[in-house]
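Residue numbers (the numbering used here), protein chains in the order written: chain A, 1490 to 1781; chain B, 565 to 801; chain C, 107 to 398.
It is possible that part of the hints are untrue.
Output of the computed footprint for chain B on chain C, the stretches with three or more beta carbons under 8 Å from beta carbons of chain B [as the list claims (entries may be wrong)]:
hint, region
1, 346 to 358
2, 371 to 383
SDA-like, lysine to any residue: derived pairs with alpha carbons at most 20 Å apart [as the list claims (entries may be wrong)]:
hint, chain 1, residue 1, chain 2, residue 2
3, A, K1592, C, L212
4, B, K624, B, K655
5, C, K248, A, K1598
6, A, K1598, A, E1588
7, C, K264, A, S1680
8, C, K339, B, D576
9, C, K341, C, R273
10, B, K672, B, D576
11, A, K1592, C, N204
12, B, K676, B, L611
13, C, K248, A, E1588
14, C, K242, C, S172
15, B, K655, B, E794
16, A, K1592, C, K264
To list a few chain A residues with every Cβ distance to chain C over 12 Å, as calculated [claimed, not checked]:
hint, residue
17, Y1586
18, E1665
19, A1667
20, M1691
Worth flagging that the hints you see were computed from the coordinates, not collected in a lab.
Note that CB positions come from ideal geometry on N, CA and C, so glycine has one too.
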Amino acid sequence: MQQNGQFDERLKQRRRKGLILGSVFFVATVFGLVVLVTLIVDVVIKGAQWLDWEFLTSFPSRNPENAGIYSAIVGSAWMIVLTALISVPIGVASAIYLEEYAKRGWFLKLIQININNLAGIPSVIFGILGLAVFVRLFALERSLLAGAFTMALLILPIIIISSQEALRAVPSGVRESAFALGATRWQVIWSHLLPISAPGIMTGVILSLSRAIGETAPLIMIGALTFIAFLPQSAMDQFTVLPIQIFNWTSRPQPEFQGLAAAGIIVLMIALFIMNLSAILLRNYFERYRAQ
Amino acid sequence: MAIDVHSNRHLDEELVTLRRLLFEMSELVDEQVAGAIDAVSNCDVELAHRVRERDDEVDKLELDVDHQCERILALFTPVAVDLRLIISAVKVNTDLERIGDHAKNLAKNTQKLERCLDLIEKTRIREMADEARGMLHEAQDAFMKQDRVLAREVLAHDRHVDRLHDETLKTIAGIIRAQPERADEIVHLVNMSKSVERIADHAKNIAELVVFLVEGVDIRHRGAQAAAAEEAGNETS
Amino acid sequence: MTEKTAAAGDTGVDVETGDSSRGGVSGFRNDETGVMSGDRARDVATAKVRVENLDFWYGTHHVLKSITLDVRANEVTAFIGPSGCGKSTLLRCLNRMNELIPDTRLEGRVLIDGRDIYENADPVMVRRRIGMVFQKPNPFPKSIFDNVIWGALVNGYKGDRDELVERCLRQAALWDEVKDRLDDQAYGLSGGQQQRLCIARTLAVQPDVVLMDEPASALDPIATAKLEETILKLKQRYTIVVVTHNMQQAGRISDRTAFFYMGELIEMDDTEQLFTRPSKKRTEDYITGRFG
Chain A
1490 MQQNGQFDER
1500 LKQRRRKGLI
1510 LGSVFFVATV
1520 FGLVVLVTLI
1530 VDVVIKGAQW
1540 LDWEFLTSFP
1550 SRNPENAGIY
1560 SAIVGSAWMI
1570 VLTALISVPI
1580 GVASAIYLEE
1590 YAKRGWFLKL
1600 IQININNLAG
1610 IPSVIFGILG
1620 LAVFVRLFAL
1630 ERSLLAGAFT
1640 MALLILPIII
1650 ISSQEALRAV
1660 PSGVRESAFA
1670 LGATRWQVIW
1680 SHLLPISAPG
1690 IMTGVILSLS
1700 RAIGETAPLI
1710 MIGALTFIAF
1720 LPQSAMDQFT
1730 VLPIQIFNWT
1740 SRPQPEFQGL
1750 AAAGIIVLMI
1760 ALFIMNLSAI
1770 LLRNYFERYR
1780 AQ
Chain B
565 MAIDVHSNRH
575 LDEELVTLRR
585 LLFEMSELVD
595 EQVAGAIDAV
605 SNCDVELAHR
615 VRERDDEVDK
625 LELDVDHQCE
635 RILALFTPVA
645 VDLRLIISAV
655 KVNTDLERIG
665 DHAKNLAKNT
675 QKLERCLDLI
685 EKTRIREMAD
695 EARGMLHEAQ
705 DAFMKQDRVL
715 AREVLAHDRH
725 VDRLHDETLK
735 TIAGIIRAQP
745 ERADEIVHLV
755 NMSKSVERIA
765 DHAKNIAELV
775 VFLVEGVDIR
785 HRGAQAAAAE
795 EAGNETS
Chain C
107 MTEKTAAAGD
117 TGVDVETGDS
127 SRGGVSGFRN
137 DETGVMSGDR
147 ARDVATAKVR
157 VENLDFWYGT
167 HHVLKSITLD
177 VRANEVTAFI
187 GPSGCGKSTL
197 LRCLNRMNEL
207 IPDTRLEGRV
217 LIDGRDIYEN
227 ADPVMVRRRI
237 GMVFQKPNPF
247 PKSIFDNVIW
257 GALVNGYKGD
267 RDELVERCLR
277 QAALWDEVKD
287 RLDDQAYGLS
297 GGQQQRLCIA
307 RTLAVQPDVV
317 LMDEPASALD
327 PIATAKLEET
337 ILKLKQRYTI
347 VVVTHNMQQA
357 GRISDRTAFF
367 YMGELIEMDD
377 TEQLFTRPSK
387 KRTEDYITGR
397 FG
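Isolated chain A, as found in the complex (with noise of 0.2 Å):
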C-alpha cells in the first residue's frame, strides 16, 4: 500500500472512538428499555390478577370486587368511532384540498404553517375550547358528540399533514402520466392518487386515532364523567373512557383500586398495541403496490 504523507490516518483513535460512542448509544437504549418493560412488569404484577371477564362487563362501583370497566371501554368505542367518523373526511379533504388544488403562494403557506402549530398546541386548550364551543356555544351538553368534535379538532392536524405526505408520496411519473393521458384533476385524484395513498392515510389516522384514545384532559374538560354505571345508547348520551376511569380508580385510597386501575391500563395498552399492529400491517400489505 501506497504511504501518501499527507494523510495521519490515526486508525486506532478513530476506531476508538466509535466503540465508545456506540457503547454510550446502546447504553442509552437500553435504559430506555429497561424503565419501559420495568413500567410494563409493574403494571402487569399488580392488575393481572384483576383482569378477567367480570372485570371487562362489569360496571364501576365503590366495591373494587364488582367494579368493572364496561363502560370505559363502550364509551371509547363509541369516542373512537365518531372521532374517525368526523376527522377522517374533513382531514383527508382538507389534505386533498391543499396538495392538489390551492394555488402556491403565501396563503397556501400561511395555512400550512398553521396546521403545523395546531398539531403542536397541549391537548388542554381543545378541551377548553371543546366546552366553549360545543358544549355551550352548540349546547351539546356533555355528550359523546361534543366529545368526538373535540377530540376531532386535536387530531385533526395531524390527519392533515400525515396525509399530504401520503399524498406527496405518489410517484410523481403516476401522476403526470395520468394528466398526459387527458384526465381531469378530480379524474387522477379519484383513479390513482388516493388509492396509492391510502395506505400512508389509513395509517396516519389510526396513529392519530391511538393517540386519541388516551387523551384524558379535553374530556375532563367538557366534562366527560367519572362514574358512569351506564352505556351510552346514542351520540348525545353522556360518557366516560378508559383513560378518565383509569384515573379516577388512581385517585382513591384503597389499595384494590390502584390494581383495578392497572388492569385498566393493561386494557388500554392492548388496545393500543392491536391499533398500532393493525398500521403497520396495514403498511406491509401495501408496500407491494408501491411504485419501485
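For chain A, the structure is supplied; the task is to place chains B and C on it using the hints.
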C-alpha cells in the same frame, strides 16, 4: 418473439441498397471492359464510342455509392463487419471507377490501333486481356459473395499478368527496333498493354478488400507490414 | 426517413428552383438534378404541429427563446441538444403539461392542424390528442389490462374494451408477450416491456401526435432496439416527436432533427443533412462531440 431483435433492420436495408449499387456498377464496368477489348480487337469504332459515352454512367454510380456510404456512416455509425463493408465499398468504388476509366482509354485508342492490329497478335496482349477480364469477373464475384477463397485465387493471377506485361513490353521494344518507321503507331500498344495491366491490378485490389472484409485481415502491402512489425519487435526488446 | 427512391427513377422530376442545396429528398446529393420533389409543398400543407415564436419562463428563468418550427405528419422528429437546452421543456409545451408546474409563463403559439392549443382550448382535450411517454417507465399500479384501458375510460370510451387493449398492445409490439397475462400486475414486467406498455396506454386514447421524452434512456440496449423498432412502425399512423440525448438514436430513427442550445433552436433539417453537412458550426461541434 414479436419483434426481430436485430435492431438494425433499417441499417440492413441501407446496406442492401449499397450492395445493389455496387453490383450495378460492377456489372457496368464489366461490360465496359468487354466492350473496350472487343472494340479494339475488331476495330469497332461505334462500339468504342459507346464505351466512351457510358463512362459517364460509371462516374454517376461512383457518386451514388460514395453518397450512400457517407449516409450510412452518418446515420448508423456501423461497427465490425458492417464498418469493414463500408470501408471496402468506398475503396472498391474507386477501383471500379478507375477500371472504367482504363476501359474508356482503351476505347479511345481504337482508331489509333487500327493499323497495328497485326502487331497485336505478336504480343501477349490478348492473353493478358482475357486473363484480366477473368480476374475482374472473379473479384467481383468474390466481393458479392464474400468468398475469400475465390479472392485469393485472383491474387495468383495478377502475378501472371504482370509477367505477361513485362514480356509484351520487351516484344514491343523489339518490334520498334525492327520497324522504326512505324514507331508512332506502335507506341500506342504500350498504352494498351499498360491499361490492361492496370485493370488487372485493380481487380487484385478488389480481391484484397474481400479478404479484409471477410477476415478482418489487411493483406495489402505485405512488405511494409512486415517491416513495421519487425521494427516494433526491435523496440521492445 | 423518407424512403430512398430508386436511383434510376428520380430523374424525371421538375427542377422547381435553382436552389440545389436543401432539397432534402431521400439520400441523393441533388446538386446535379436539382430535385426538390415537392418538399416545399409538403412543408406548408402537412405541418402537423407548428410552433410560432414560443417563449417560456420558469419563474424568471427564460428557458425557451423565440422558438419557431414545424413538425410534419407521419414523421419522426428528434429534438437533440445538451442538457438544459430546453428540449424537454419545449416538448412539454406541446401538450400543455408545463401548466401543471407552478410559476411558469408561456408566450407564443402552438398549433396542431392549424388550431391553437392554448387559446380557447381545454387542456384535457389537448392532452388526449397529443400523448406523452416519459423517460422513466411509469405504469400505474394496476393490471396490464387496466393500465391500457384507463385513459380511454376516463375519456368516455364506449366501445369494445378487449379489442382496444389488444389493438394498442399490438401497435406497441407487446401483445405477444403479455396476451396470456393481461390481469397480471404491470410492475411484473421488465423495464422495456413497461415502457412499451406506457406507449400502449398512450395509444389507447387515440392521439394524433405522440411525444416521447428520452424514452429509451432507462432501458438496456436490447430493449432500446425493440423500442426503436416500435417507433419506426408507429410513424405510419402517428406523428412522433422524440427528445433524445443519444445522437446515434436520432440518426437511426428520425426523419428530421432539431438541434437546441441554451433555449434557442439552432438548426432544424432532414436528419441526413444535419448529420452529414450541418449548416451551423455549433451544430457540428455538438454532433461531433466537441462539446455538450
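These are the hints, each one checked on the structure:
Only when three residues or more bring their CB closer than 8 Å to a CB of chain B does the claim for the region 346 to 358 of chain C stand; here the count is 3, and the claim holds. With 4 residues bearing a CB less than 8 Å from a CB of chain B, the region 371 to 383 of chain C meets the requirement of three and the coverage assertion stands. Pair hint A/K1592 plus C/L212 holds up; C-alpha atoms about 18 Å apart against a cutoff of 20 Å. Restraint check for B/K624 and B/K655: satisfied, since their Cα atoms lie roughly 16 Å apart, inside the 20 Å limit.
For the proposed pair C/K248 and A/K1598, the alpha carbon gap of about 34 Å is over 20 Å, so the pair is violated. Simply put, A/K1598 and A/E1588 have alpha-carbon atoms about 12 Å apart, close enough for the 20 Å limit, and the pair holds. This hinted pair checks out: C/K264 and A/S1680 have alpha carbons roughly 18 Å apart, not beyond 20 Å. Simply put, C/K339 and B/D576 have alpha-carbon atoms about 16 Å apart, close enough for the 20 Å limit, and the pair holds.
A C-alpha spacing of about 16 Å is found between C/K341 and C/R273, which places the hinted pair at or below 20 Å, so the restraint holds. A distance of roughly 40 Å separates the Cα atoms of B/K672 and B/D576; the hinted pair therefore is violated under the 20 Å criterion. About 15 Å separates the Cα atoms of A/K1592 and C/N204, which keeps this hinted pair within 20 Å; it holds. Annotation: proposed proximity of B/K676 to B/L611 holds, straight-line Cα distance about 15 Å (limit 20 Å).
For a cut-off of 20 Å, the pair hint linking C/K248 to A/E1588 is broken: about 23 Å separates their Cα positions. Distance restraint check for C/K242 and C/S172: the Cα-Cα separation of roughly 29 Å exceeds the 20 Å cut-off, and the hinted pair is therefore not satisfied. Pair hint B/K655 plus B/E794 does not hold up; C-alpha atoms about 28 Å apart against a cutoff of 20 Å. Distance check on the hinted pair: A/K1592 and C/K264 sit about 35 Å apart at the alpha-carbon level, beyond 20 Å; violated.
Listed as outside the interface, A/Y1586 is consistent with that label: its C-beta sits roughly 15 Å from the nearest C-beta of chain C, beyond the 12 Å cut-off. Not every CB of chain C is more than 12 Å from the CB of A/E1665 (nearest about 6 Å), against its label as outside the interface. Once the 12 Å rule is applied to beta carbons, A/A1667 is inconsistent with being away from chain C; the minimum gap is 7 Å. Its beta-carbon lying about 16 Å from the closest one in chain C, A/M1691 satisfies the requirement of being farther than 12 Å from that chain.
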